[in-house]
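Participant: Sequence:
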Amino acid sequence: MKLLLDGQLMDSREAVISVYDHGFLYGMGLFETFRTYGGRPWLLRRHAERLADACGALGISYRPDPDAMAAGAARLLEANGLADAYIRWSVSAGSGEVGLPAGEYAAPREIVYAKPLAADDPATRQGKTLRLLRLRRTRPEGGGERFKSFHYMNNIAAKRELQAGGASASTEGLFLNERDEVVEGLVSNVFWLRDGALYTPSLDSGPLAGVTRAYVLDQARRAGLACHEGRYAWDDLLRADECFVTNSIQEIVPVVAVQEPDGRFASGSGRLASNSAGAHAAGAPGPWTRRLMADYRAAAEKGDEA
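For the sequence shown, the positions run 1 to 306 when my numbering is used.
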């Protein structure tokens, strides 16, 4: 595959960065993932704004330009013979001495990857099982909002927990924090519906401020849903009628079953939990989830980012 390294198109086998790069040495790097529809990046300005804010907070002298990012994505699509793709836009801090610096990183490296997208239609999208993880979500390293950073040990350890527990490939792990509050999925933000209202963990619980998360909240409000962000327990989710997870590549994915860490289907008073071991686990998302999935895809294909 072809990628972009500091704006230069090259084969991925030829791209190198220094062993003294602080993204490699200390995990000082950030990235955004987004996808294209009809060759156009979706929600790109929101991704660029989040990347700019995070770079500023970490002292990385990098200011993303949405127009340049769109042009770079187009170059990668053409070079790799792709109509559409998953794009990962990474910024590593750049080279420095071995040791912890006090100043800013003045020469960051920009690495942009493209990956083919699997065929997907919201109308036939298969649901996921959501399994509660034993491993807790670490607190954001900077003490404030979570960055989409190169620090992924917590996520990888959680993925291994699922694998060791015999979880299927369609299972998403769900993190709680040290206060036993629902935080987020392994690679997603989590939402649920109860009595006609939408709920999702607030950012002070520790989830990533997902670009798709923010868009879906706006979308749900426009559709007439009351939306609540707060601190919630696992039992709150088990009272849900519907549940779904979001990320920028998979869009909105229905949750059709919920499990305890040992793989047993969870019990609860909500329709989601009570149906987990039965027909609901076999298939269909709830009505609000179906509507939001369809509306999201329609807006993305039109490029309507309102």
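Hints listed in this document are in silico derivations from the structure and should not be mistaken for laboratory results.
Owing to the predicted nature of the structure, the values given are computational and were not obtained by experimental measurement.
Treat the hints with care, since some could be wrong.
[To be verified] DSS-like mimics (lysine-lysine), calculated; alpha carbons at most 30 Å apart, straight line:
id, residue 1, residue 2
1, K159, K302
2, K302, K115
3, K115, K159
Participant: Is the hinted pair K115 and K159 satisfied, with a Cα-Cα distance of at most 30 Å?
Facilitator: Answer holds: K115 to K159 is near 21 Å, not above 30 Å.
Participant: Taking only the CA atoms, is the gap from K159 to K302 under or equal to 30 Å?
Facilitator: Violated, at roughly 35 Å.
Participant: For the pair we were handed, K302 and K115, check the Cα-Cα distance against 30 Å.
Facilitator: Answer holds: K302 to K115 is near 22 Å, not above 30 Å.
Checked against the numbered hints given earlier, this structure breaks only hint 1.
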